[in-house]
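Q: Protein chains in written order, with the working numbering: chain Z, 1 to 522; chain R, 1 to 191.
The hints are simulated quantities; they were obtained by calculation from the structure and are not laboratory data. Glycine included, each C-beta is placed from N, C-alpha and C at the ideal position. Misleading hints may appear alongside valid ones.
Sample of chain Z residues at the chain R side, in silico, Cβ under 10 Å [unchecked claim]: (1) V163; (2) G166; (3) T169; (4) L394; (5) M409.
Some residues of chain R that are not near chain Z, with every Cβ distance over 10 Å (derived) [as the list claims (entries may be wrong)]: (6) R18; (7) F73; (8) L123; (9) G153; (10) L156.
The lines below spell out each chain.
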Amino acid sequence: MLEAMVDAAQQLFTPGPMIAFALMIPIALIAGLMPGGGLPFIVVVLSFTTQLEPYTAIALIIGYMAANDLTESIPSILLGIPGARSSQATILDGYPMAKKGQAGIAIGASYTASLLGGVIGAIALLAVLPFARELLKLFGAPEFFLLSLLGIASVGIISAGAVSKGLLTAALGLFIGMIGFNDVVGTTRATFGLNYLWDGINIIPVVVGLFAFPEIADLVISNTAVAKDRMEDMLKEGRRDTVRGMQEALNHKLLILKSSLIGVFIGAMPGLGPTPAHWIAYAQARQTEPGAKETFGTGDIRGVIAPESANNSTDGGVLIPTLLFAIPGSAPMAIVLGALILLGIQPGPQMVQDHLDLTIAMVYIIALANIVVVPIVLLFAAPLTRVSVVPPQLLAPVVLAITSVSAFMANVTIEDLALVSVFAVLGMFMKAYAWPRPPILIAIVLTGQLEKWMSIAIQTRGLSMLWQPAFVTIVIFVAFAVFMSLRVQSGTQRVASKTEEELGNQAIIGSSASRSKPPTAS
Amino acid sequence: MSTEPEELAPTHRVISWRSPEILGEVILLSVVLLLAITYLLELPGLKPAGRYLPIITLIFAAPFWLIRVRSLFDRKKALQAGAIMDLGFRFGGDAVAEKRRAIRFIASVAALFLGVWVFGFHLALPIWVMTYLFLFAKAKPIVILIIGIAFEGLLLGVHDFIIDVPWPEPLFWRLIGVEYLFNNWPINDTF
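Between the sequences and the hints, there should be enough to build the whole structure, so can you do that?
A: Now the structure itself:
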């Protein structure tokens with residue numbers, strides 16, 4: 001373990017990965033300000049990732065993920081607009097603080113909490129690795145096969161409001177993932193006579209179509225605009241008192257620790273991610289902090305600290321199932337999985353056995369992103385906030401053009417764009433009507449690994465694998481995890497609506513959040 | 001304390017057959033069905049190892065596909081928020097304007113892809129970006145020009161010079177019998 005830590009540091013802290021990391025930071029920060037959490041831009045990062053060596057690619061992609069989250073709270077606090085769903089709770093107290101002329105304090109507190117939360121998340125991931133390694137040594141091909149299959153199914157179950165929608169999209173992902181030639185089973189399937197499909201479906205056009213295009217469409221269709229005069233006033237306020245905000249946050253170390261641990265724990269549960277984490281952290285702070293029931297929602301700094309700590313600590317937590325079991329906790333993590341596979345690194349149980357150094361490098365990058373990026377964001381909060389109010393009609397063609405070129409780069413054929421179109425139609429419909437998109441991506445990414453383990457398991461153990469103790473233990477464990485995740489999911493929806501109801505939506509009045517129409521499920 | 005019975009809030013809504021939600025669901029279910037039938041037909045010709053996963057997936061998908069087909073005929077949709085990893089579209093109050101912007105977006109993406117297929121990235125992409133900025137963003141001419149040049153620079157600098165992308169021959173160039181200029185970009189030979 002120690003050897004891997006040193007090795008990771010020696011490989012990571014070299015000019016190549018560090019230059020890539022530095023170049024990526026401004027892109028990630030700007031992308032984080034866009035509605036949809038910057039998913040469209042990840043495709044650009046992903047298309048370049050394949051050309052790079054693993055450490056540089058990891059510095060790019062994990063650094064992007066970690067830094068991307070950090071700008072989300074700026075529009076939440078200053079303008080009352082959530083950059084992503086995982087910064088909605090921050091609005092409840094951050095925006096009232098800004099309206100009271102305490103925007104700088106809120107921003108200072110938010111970023112200190114984010115920094116500490118991010119570092120706690122990274123430490124938690126590092127702490128879990130030695131135990132996970134020993135545990136995973138007990139597993140063989142049948143258990144790995146089961147983990148992959150249950151991983152896909154559990155994300156399908158959890159990520160949708162309706163189980164049938166989630167599991168059907170997971171099955172669709174498996175169908176798509178099986179297209180083309182598979183060297184493990186030595187057969188070609190469902191190519192429809194097209195040479196293009198012989199190599200299977202590349203994940204870059206899938207990500208562009210399924211995720212990036214619908215997000216850009218959302219940007220264009222909603223056409224969210226913010227009054228510039230209000231923004232300038234808020235920016236002036238935002239520049240003041242940030243140091244005081246940082247000091248205030250440090251006075252609530254225990255709250256930061258508690259909220260960060262909630263973030264790690266929720267993030268580690270398959271299929272949940274930062275959204276429930278930050279709501280639960282907010283709700284627990286409101287329940288447990290002295291006098292919070294009266295002051296939360298009116299501009300209480302603890303209402304900013306709690307969700308921001310939890311939001312950022314999930315980065316470490318969510319990597320635990322992503323890397324160890326190949327079960328991503330969020331859509332961006334599914335993209336991380338895809339990026340690793342493009343690099344020739346198989347996520348899942350093998351990751352910590354064969355590529356422990358790379359796994360540890362991810363921990364370093366998360367910590368580094370938080371430590372380096374937080375001061376940058378504090379310094380450049382004003383220009384970054386201006387980016388969030390660039391008219392969507394100006395931003396959309398630029399992002400659309402860049403992502404189209406990135407999609408084309410997958411196989412350098414015009415068919416890539418046709419594939420993007422197919423998945424874009426699917427993605428727009430799924431986004432509009434609450435069909436979960438992550439299970440498709442996760443299933444496509446995991447199909448190869450699933451089939452490999454299944455093939456080995458059937459050859460070596462046959463049907464007797466079904467009665468192996470480890471196999472049964474995994475079934476029970478995953479069933480328990482899914483049950484808990486569903487409880488957390490329904491609890492989060494209850495907490496979010498109850499909190500907003502109790503606070504009378506006072507914090508988000510006038511924000512675009514109040515325009516949001518919740519997705520429907522059936 | 002009020003003794004009146006509380007009015008129960010509706011939990012479902014019934015949607016019209018002409019709703020885009022129905023159309024989208026029909027398309028999605030058809031895609032799943034098409035793939036399922038394809039795998040089913042291919043199964044006998046596959047090697048044994050290649051059959052396991054399609055069979056598992058078919059068994060796994062079938063009940064959920066049937067549940068969705070049934071729900072399609074019911075046309076009942078729950079009102080509660082569901083997906084937590086997804087944001088949904090942020091619809092506002094002006095449905096007409098949103099519809100217009102949606103049509104404009106889809107048409108412009110189609111125009112971009114068609115342009116790329118016919119004329120290639122180097123011509124279609126910067127022209128498309130500049131046209132979009134001119135028509136819909138009402139950007140200043142200098143901003144439009146800078147962005148257009150930046151895109152041409154990106155294609156020539158990064159994709160041609162650094163990566164040396166082998167571009168597919170666009171339709172127009174094939175029709176006029178001229179080789180796509182950017183595949184033999186002299187700058188690559190120079191360096």
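Q: Going through the numbered hints above, which ones does this structure break? Give me the numbers in ascending order.
A: Those not satisfied: there are none.
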